[in-house]
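Residue-level listing of the chains:
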Amino acid sequence: MRTRDLLFRLTVLGLLVALLAACAAPAAPAPTGGEAAAPASEEPAEAASGGQAARTLRIALLTSGPINDEGWNQTAYEGLLALQEEGHEIANTENVAQADQLDLIRSYADQGFDVIIGHGFEYGDALTTASQEYPEVKFIQIGGIAANDTNLVSYVFQPGEGGYAAGILAGLMTRSNQIGGVGAVEIPTIAADFNAYTLAARTVNPAIQDVPVAYTGSWVDIPKAKEAAIALIDSGVDVILADGDNANVGAIEAAREAGDVYAIGWTRDQSHLAPGLVLTSVEQRIDNILIAAVNAILDGTIQWGNHVVGFADGAQSLAPFSEVVPEDVAAEVNAVVQALIDGRIVLDDAGNVVKDEYH
Amino acid sequence: MSTQVRAAGMVRMVRWERWLHLLLPVLAILASFLVGSLFLWALGVDPVTAYSALVKGAFGNSRLATTTVLKSIPLIFAGLAVTLAYRGGVFNIGAEGQLYLGALFAVWAGTRLDLPFPGHLLVALALGILGGMIWGAIPGYLKATRDMNEIIVTILMNYIAIFTVSYFVHGPLKEEGWNTQTDAVAETARLPALWAGTRLHYGVVLALLCLVLVYVLLFHTTLGYRIRMVGANIHGARYAGIKTTWIMALAMALSGGLAGLAGAVELLGVQYRLIDNFSPGWGFDAIAVALVGRLNPIGVLIAALFFGALRNGANSMQTAVRVDVVVIYILQGLAIVFLIAGSSVDNRIRRWLDAWQA
Amino acid sequence: MDMDAVVGLLHATIRLATPLLFAAIGGLYNERAGVINIALEGKMLLGALVAFMVAFSSGSPWLGVVAAAASGMLVALLFAYVTITLGADQIVAAVAINLMMLGFTGVVFRLMKAAISGSLSAPTFPEWAIPGLDRIPLLGPVLFRHLPLVYLAFLLVPLAHFVFYRTTWGLSIRAVGEHPRAADTLGVKVRAVRYLTVLWGGAMAAVGGAVLSIGHNSTFIENMTAGRGFIAFSAIVFGKWTPLGTMLASLLFGFADALQLRIQAGILEPLFRSLGIQEVAYQIPVMLPYVVTLVALFFIGKSHWPAAAAIHYDREEG
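Residue numbers (the working numbering), protein chains in the order written: chain G, 1 to 359; chain L, 1 to 358; chain Y, 1 to 318.
Read the hints as simulated data drawn from the structure, not as lab findings.
One or more hints might be untrue.
[To be verified] In silico contact screen, one side only, chain G against chain Y (beta carbon under 7 Å); selected entries:
id, residue
1, P66
2, Y215
3, D221
4, P223
5, S235
[Unchecked claim] Derived coverage of chain L by chain Y (criterion: at least 3 residues anywhere in the stretch with Cβ under 8 Å from a Cβ of chain Y; other residues may be distant):
id, segment
6, 149-159
7, 162-174
8, 344-352
[Claimed, not checked] From chain G, some residues computed to sit far from chain L (all C-beta separations above 12 Å):
id, residue
9, Q111
10, R256
11, H272
12, P320
Glycine included, each C-beta is placed from N, C-alpha and C at the ideal position.
Given only the sequences and the hints, what does the whole structure look like? Please build it.
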């Protein structure tokens, strides 16, 4: 009987703790999850029927990853929320499997959505097909080049620009003359950014030689990204460009723990992850892109086609510099960004410098 | 009690048992929906709206219904793959990796070869089978010769497959430009649509064909008999002179081939390009499909359609009630738990009945 | 390679092995009792979340670990009920639990994130350097400068060895895994043993998850375990169902992972250059731990499952 008794007690204990755990945190937020979300999406619709009905659109966003990934997908979702602020009705689906893209797009189109956004190059085929099936619906793709000239517009970030600016900063801030990078998955745009990062750093700091980049192979494996950053730090690297969405959380944490290693964030301002040590973050302002695109759709001024966007279009920007960045360094980085905007520095799609009238 | 009355009672009992056999899975699904409802309700979502959106999304009109079938095709192939191996006493957790390899081989054929229509398609499909078969034969061979456990080998090989595919998608097979994807397979290598205007392709015919083949193989051939004997009683099989290790290896290779076909058919019929995250976990869902389908080809078909409907309906449900997409995993998991629990209860009841009748 | 690099590599090996070791050494108990558990993944993920939530709201990482263990037991109870009492297939039950945990942790984490504005950073454990021992050259910094949870994980290894081979408890567990009917005849409560070992395994897997969220990191994200539960499961088989073997398997995997990250960080750059290799695709080092494990498994040869592994035991069955 003793084992049964013990089993019983363990069970009760487990239940109690689980109850406690359940009450501790989620009890309070539970109402906000469902109820707050529903009225929030209806409000603008009502406001619209009051006055400016014509200017309100129903907009849906599809992302392949979760919208809380501290990176690529989260910025898109925040852009969508910005559209909600503008009075539009929004909806989104996350973690969209490749095989489900077209079904979801059709589902939104059938529900009467006016604008459907596919966030990533991987939506190219599905958006192309859907744009032919639903000529009255407008489609936006971010991160690809699949546009047509009637109802599908694509925006892609000029690869390398952000990496180039980050490289100038890293080259000027490193004390060991060793810089590196942590990424999740090596996709061509990220590879181009790391390439430009290397070239820029060497331009301002010829003592820099190899610039190692460690990839984890997973967008969600924070612990491994942290270990990757530690591996870099162990080899003497003291500035790390983190370009891997969620992986950045781990990489920047490694910098914070080391205490004297700097990190540069990506896609959004990540200074909160290691105050003081995140020199800046290369922000991808998907909110700006989406607002501009939707307004242009409303005005009828939209240019259907592929757009390569970057610093010049306000699609990319640098977050405020950390206080450890000296003023002259900050000014130099800003000057390089200006040179990229003016076309005095021009990069190709692989992040190579094809023209440099600045340095 | 006269024998006559007793016999009549037995007949009634047998009928009742058959009904129960059919009823239990339905009850299990309803029970899982009920528990899921509680969960949805706790999240502030109206369960009735949510589930009606799910059902409507799966079967609401003919296009949605064909999409449900479309979603179940990879699950049919992969579910048959797991079934075949399991019947031979081998647990194939590697269907995921095998279908990735199948898709890789198929996309190579589809983008790098230049052949006329039916030939090109057949070569791509055959290579898809070959890719999966190689990936399945390795753990099978290692089990036969080195007694290496297939579960751990297939788990490890899943990772290796996914990174290998990633290497080819990022490297040798990558299309020109910024996108990390392969070229689209040539028109000549694509599975044609069954009817113009729908996305339902000839893969569904192929799936049904495989279903019949697996059924015939398992239950109407000597090889199938041997496979089942090894799975049911390995010592007995060995005693009967069957080369058990090689039967297991063969079952594993055939299983890999089927899983490879799952990848190839999805690639040549739906996605056309290979990309990281090509599969949303069909290889793992297939384990549930096979066991919920009670390791029977017909059961696999029903289970695959059920999970295909769940997956397809979930898309609509998610857009209709704005519930987090991760909720779907919970509903799917609940359905599996209740279905397997239901089938255990079913077995037990049947045993009681047997005891009673004896 | 200089001394610091070696220390860094070996220290990372131990760090990376720890979450695996918790899950594997805990899972070893139920595996030896004949319950195959690939639901370690789901339990780790839940443990990572619960530990993070409780540590975040209470301020105590220890409380987080305790809560994680309890939550792991709760899920283990569900698993045990479905497989041991109802006799459902252990692997498919585990597949279902992994799916459910992926969804459940995602939903709860989102609710938490929606409710709390500001930084979601949980308190973590301080490093405990063991006075005196940490001064030993090489060994000191590698072995004796870790989080308390790391020592705990490695202490569980001799404990498991002791329990399995020196106590009647251990005898019962092994008997249940090898020959449940005989064990039953001798008065061992087969189901009770299986239940208890599954609960213990669940608790330890969850603590392994806690190492990820509030041990070596201070945050949670969805699916952050990224397959470690499956690797832990492999470590048990690879370690031939012995505590020592399981530990060595976990360490080998940790070592391969630590090494591949350092290869990417450039330690082999001179070698590659002398061989004329310009660039190595990152997928190759990332794959390394899995390939190394597979190759090691090949040479290590036979490993026999407990005879009654994955087989449902029912007294009434013939």
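Each hint, compared with the structure:
1. P66: Holds, about 6 Å.
2. Y215: OK, holds: Y215(G) within 7 Å of chain Y, min 4 Å.
3. D221: holds (4 Å)
4. P223: Interface hint status for P223(G): holds (5 Å vs cutoff 7 Å).
5. S235: holds (5 Å)
6. 149-159: holds (count 8)
7. 162-174: holds (count 6)
8. 344-352: holds (count 5)
9. Q111: violated (7 Å)
10. R256: holds (29 Å)
11. H272: Fine: 24 Å to the nearest Cβ keeps H272(G) off the interface.
12. P320: holds (30 Å)
Consistency with the previously given hints fails for number 9 only.
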